[in-house]
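2 protein chains.
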Amino acid sequence: MSSIALKGDIVFTPNKDAFKTYKDHYLVVEDGKVVGIFKELKEEYKNYPVKEYTDKLIIPGFVDIHLHAPQYPNLGLGLDKELIPWLNTYTFPEEAKYNDLEYAEKVYRRLIYDLWRKGTTSSIVYSSIHKEGTKLLMDLFIDSNLRAYVGKVNMDRNTIPELSEDTEKSLEDTEEIIKEYNDKSSLVKPIITPRFVPSCTEKLMKGLGDLAIRYDIPVQSHLSENTDEVEWVKSLHPEFKDYASVYNAYNLFGQTKTIMAHCIYNTENELDLMEKNQVYAAHCPNSNYNLSSGIMPVRKFLDKGIPVGLGSDVSGGHSLSMPSVMVAAIQASKMKWLETNKELKPLTSSEAFFLATEGGGSFFGKVGSFILPQKMVK
Amino acid sequence: MSSIALKGDIVFTPNKDAFKTYKDHYLVVEDGKVVGIFKELKEEYKNYPVKEYTDKLIIPGFVDIHLHAPQYPNLGLGLDKELIPWLNTYTFPEEAKYNDLEYAEKVYRRLIYDLWRKGTTSSIVYSSIHKEGTKLLMDLFIDSNLRAYVGKVNMDRNTIPELSEDTEKSLEDTEEIIKEYNDKSSLVKPIITPRFVPSCTEKLMKGLGDLAIRYDIPVQSHLSENTDEVEWVKSLHPEFKDYASVYNAYNLFGQTKTIMAHCIYNTENELDLMEKNQVYAAHCPNSNYNLSSGIMPVRKFLDKGIPVGLGSDVSGGHSLSMPSVMVAAIQASKMKWLETNKELKPLTSSEAFFLATEGGGSFFGKVGSFILPQKMVK
Numbered sequence: 004m005s006s007i008a009l010k011g012d013i014v015f016t017p018n019k020d021a022f023k024t025y026k027d028h029y030l031v032v033e034d035g036k037v038v039g040i041f042k043e044l045k046e047e048y049k050n051y052p053v054k055e056y057t058d059k060l061i062i063p064g065f066v067d068i069h070l071h072a073p074q075y076p077n078l079g080l081g082l083d084k085e086l087i088p089w090l091n092t093y094t095f096p097e098e099a100k101y102n103d104l105e106y107a108e109k110v111y112r113r114l115i116y117d118l119w120r121k122g123t124t125s126s127i128v129y130s131s132i133h134k135e136g137t138k139l140l141m142d143l144f145i146d147s148n149l150r151a152y153v154g155k156v157n158m159d160r161n162t163i164p165e166l167s168e169d170t171e172k173s174l175e176d177t178e179e180i181i182k183e184y185n186d187k188s189s190l191v192k193p194i195i196t197p198r199f200v201p202s203c204t205e206k207l208m209k210g211l212g213d214l215a216i217r218y219d220i221p222v223q224s225h226l227s228e229n230t231d232e233v234e235w236v237k238s239l240h241p242e243f244k245d246y247a248s249v250y251n252a253y254n255l256f257g258q259t260k261t262i263m264a265h266c267i268y269n270t271e272n273e274l275d276l277m278e279k280n281q282v283y284a285a286h287c288p289n290s291n292y293n294l295s296s297g298i299m300p301v302r303k304f305l306d307k308g309i310p311v312g313l314g315s316d317v318s319g320g321h322s323l324s325m326p327s328v329m330v331a332a333i334q335a336s337k338m339k340w341l342e343t344n345k346e347l348k349p350l351t352s353s354e355a356f357f358l359a360t361e362g363g364g365s366f367f368g369k370v371g372s373f374i375l376p377q378k379m380v381k
Numbered sequence: 004m005s006s007i008a009l010k011g012d013i014v015f016t017p018n019k020d021a022f023k024t025y026k027d028h029y030l031v032v033e034d035g036k037v038v039g040i041f042k043e044l045k046e047e048y049k050n051y052p053v054k055e056y057t058d059k060l061i062i063p064g065f066v067d068i069h070l071h072a073p074q075y076p077n078l079g080l081g082l083d084k085e086l087i088p089w090l091n092t093y094t095f096p097e098e099a100k101y102n103d104l105e106y107a108e109k110v111y112r113r114l115i116y117d118l119w120r121k122g123t124t125s126s127i128v129y130s131s132i133h134k135e136g137t138k139l140l141m142d143l144f145i146d147s148n149l150r151a152y153v154g155k156v157n158m159d160r161n162t163i164p165e166l167s168e169d170t171e172k173s174l175e176d177t178e179e180i181i182k183e184y185n186d187k188s189s190l191v192k193p194i195i196t197p198r199f200v201p202s203c204t205e206k207l208m209k210g211l212g213d214l215a216i217r218y219d220i221p222v223q224s225h226l227s228e229n230t231d232e233v234e235w236v237k238s239l240h241p242e243f244k245d246y247a248s249v250y251n252a253y254n255l256f257g258q259t260k261t262i263m264a265h266c267i268y269n270t271e272n273e274l275d276l277m278e279k280n281q282v283y284a285a286h287c288p289n290s291n292y293n294l295s296s297g298i299m300p301v302r303k304f305l306d307k308g309i310p311v312g313l314g315s316d317v318s319g320g321h322s323l324s325m326p327s328v329m330v331a332a333i334q335a336s337k338m339k340w341l342e343t344n345k346e347l348k349p350l351t352s353s354e355a356f357f358l359a360t361e362g363g364g365s366f367f368g369k370v371g372s373f374i375l376p377q378k379m380v381k
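Protein chains in written order, with my numbering: chain A, 4 to 381; chain B, 4 to 381.
Hints are not guaranteed to be accurate.
Note that the list lumps identical chains together, so a pair holds whenever it fits in one copy or between two copies.
Heads up, simulated DMTMM-like pairs for lysine to aspartate or glutamate below, C-alpha to C-alpha not over 20 angstroms straight-line [as the list claims (entries may be wrong)]:
(1) Lys134 to Asp20
(2) Lys84 to Asp20
(3) Lys345 to Glu234
(4) Lys345 to Asp231
(5) Lys54 to Asp27
(6) Lys134 to Glu179
(7) Lys348 to Asp83
(8) Lys345 to Glu85
(9) Lys10 to Glu342
(10) Lys187 to Glu342
(11) Lys348 to Asp231
Derived from the structure by calculation, the hints contain no laboratory data.
Since the model is a prediction, treat every value here as computed from it, not as a measurement.
Please construct the entire structure, taking both the sequences and the accompanying hints into account.
In structure tokens form, the structure reads like this:
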């Protein structure tokens, strides 16, 4: 990887409560890593190529921790239903198309191009159930030099026939991808992706949890997005305390690094479990508006020390743009503030920026900020 | 004005409940007016210049019925307060700058350019209290060939000293603008603009209502945007039934064509009065989110037959983009649907499009749609 100095107006959030800004400074990158921010270029960096971005902002790449690649053709369409009928009417029929690799390649190339164009350099992505389509998506991400976790979706119940997997086959395909891709790239990695409890038998969830632990692979799924969904899970698993407890019983809730999308209707027990297991919440406010799901009480999560990032949730979300998601997150938090009699404080600008960069970026490691030892900043 | 044929994919909403689409058709414009939509160009139009927009949409220009021109430099800034402290902290100090015509010209040129760039061809605009600045804004709109109502703001109480007008002078300045501009342009017209009840003494409101009637000039103001504001109006005018009744007493509520922005906390009496007087509601969902004002029950207005359009409300709104306002309007209506136990139905896509075009456009006359006698459409 090359070394370079970028010159412009540098902005980032070292923590959620403040922006750090350096007007007309150099950001020096060595072997793909930020090594310092300087007013004048030091002698040792003088031979690095300089890219001038005068009067432009230099910010960390955006991090989108929840989106569905095969739903991209539905962007902005079919948002007249709530979650479950929306899945059955628009989403599952679209996802069924991805056994066609030619179709998949066309969509996935466009998606990756658009992520790059919108400044999203790291993302955590659902593919479809299809093994070959998932490998294709991972290869395209590797070619792009963008950072990503990509998950083959697992479903063996309550879906349309074309998407209903044989349980054993679903686990075998998942393991094959893990073995093939876990060390293939430093930037693109597999993530275990049970769609959500209603789509997965306990046998499948158990098998996926076992794989997660055996290979130390992270996990992503959905949690408490919609009131009908929450009721459905309760009726499917009356023996469990709540929705999160089902995942937790099968090692899919923080036993390895885990992200749960939405988290609008979490119980106190679910919040405690997320905090204890440091499960990430993917806050997807555009999607939560569009599917009439509701408003996540994001302040509760932050106050409790639960890690939070933002997700476009395409195509429940109508836009890949993380600034659009940041705006929606702030706006939603203001409505939640009113709704709670001004108890849960709205997100600030720096908090929204932090969530869209380091908040989600920390799931990858040191991603999403330009934090530096003080001595390096001149 | 010239005649022209535009070729492309034509979309508009003849009413709020449906899109009308014509793929790869000609839209023929004669002397600035749409005369028909045709699959093949008729003999009589064959000599018109044709502009090809293959695979592109041809839609009516967007109509923004509520924005504040002098607040444009604050776009996206200072959204951490509710209405009244927001006005005093960020907005009034910015508006006080517009006695400087050089500053005003810089801002207003940029605003008009951006309106054009975003496809907003008709807008209803607040200027500041400044007479010369308002005339400058009107002249710049005339030069731009965009359609606009522009109002000099009137304020003679409860504001910062730089913006507090002498009552007589405020009325004289307003009348001077009316006389000078009412017949100057067919596209750009004056509108009477008491900021809102708390900013205007009864003497000023009476004088403005008299001017409205005498010259048959439309009126715009704000209504029931924020709970503290509503309480304030109640305490200023305990003798009136409600906020709208104050305007109504002074002929500022539908006695001539009137727009009221926001209308979040309207009483049933206020809704009845709006319906009876056919007062337009300017729905500004981005602003209502950003200033933590609340969610307007837009479905109630539509069901009642109150005319409604959309407003960016820059800079309470953070974007001039009418598609952004359409998205926010749909999203807000979905949250209102949940809040009312699924009683007030969400806006559909065609309704949002209609509100952003013909809904507000009808305030100007036949603006915002391509409605045509059926025989003209081939």
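| query | Using 20 angstroms as the alpha-carbon threshold, which applies to Lys348 and Asp231: within, between, both, or neither? | reply | Result: close only across copies, 18 angstroms inter versus 28 angstroms intra.
| Between Lys345 and Glu234, at a C-alpha cutoff of 20 angstroms, which is it: within one copy, between copies, both, or neither? | Answer is between; shortest inter-copy Cα gap is 18 angstroms, intra-copy 29 angstroms.
| request: Using 20 angstroms as the alpha carbon limit, work out where Lys84 and Asp20 are close: within a copy, between copies, both or neither. | output: between (37 angstroms within a copy, 17 angstroms between copies)
| When no copy is specified for Lys134 and Glu179, does a C-alpha distance of 20 angstroms or less occur within a copy, between copies, both, or neither? | Answer is within; shortest intra-copy Cα gap is 9 angstroms, inter-copy 73 angstroms.
| message | Within a copy, between copies, both or neither: which one fits Lys348 and Asp83 at a CA-CA cutoff of 20 angstroms? | response | between (30 angstroms within a copy, 11 angstroms between copies)
| task | Could you figure out if Lys134 and Asp20 sit no more than 20 angstroms apart (CA to CA) within one copy, between two copies, both or neither? | result | Close neither inside one copy (42 angstroms) nor across copies (42 angstroms); limit 20 angstroms.
| task | At 20 angstroms max between alpha carbons, let me know whether Lys187 reaches Glu342 within a copy, between copies, both or neither. | result | neither (48 angstroms within a copy, 49 angstroms between copies)
| query | Are the CA atoms of Lys54 and Asp27 at most 20 angstroms apart within a copy, between copies, both, or neither? | reply | within (12 angstroms within a copy, 44 angstroms between copies)
| task | Pop the pair Lys345 and Asp231 into one bin, within, between, both or neither, using alpha-carbon distances up to 20 angstroms. | result | between (27 angstroms within a copy, 14 angstroms between copies)
| query | Which holds for Lys345 with Glu85 at a C-alpha limit of 20 angstroms: within a copy, between copies, both or neither? | reply | between (28 angstroms within a copy, 12 angstroms between copies)
| said: Please sort Lys10 with Glu342 into within, between, both or neither, judging by C-alpha distance up to 20 angstroms. | reply: Answer is neither: 44 angstroms inside a copy and 49 angstroms across each miss the 20 angstroms cutoff.
When each numbered hint is compared with the structure, violations occur for hints 1, 9, 10.
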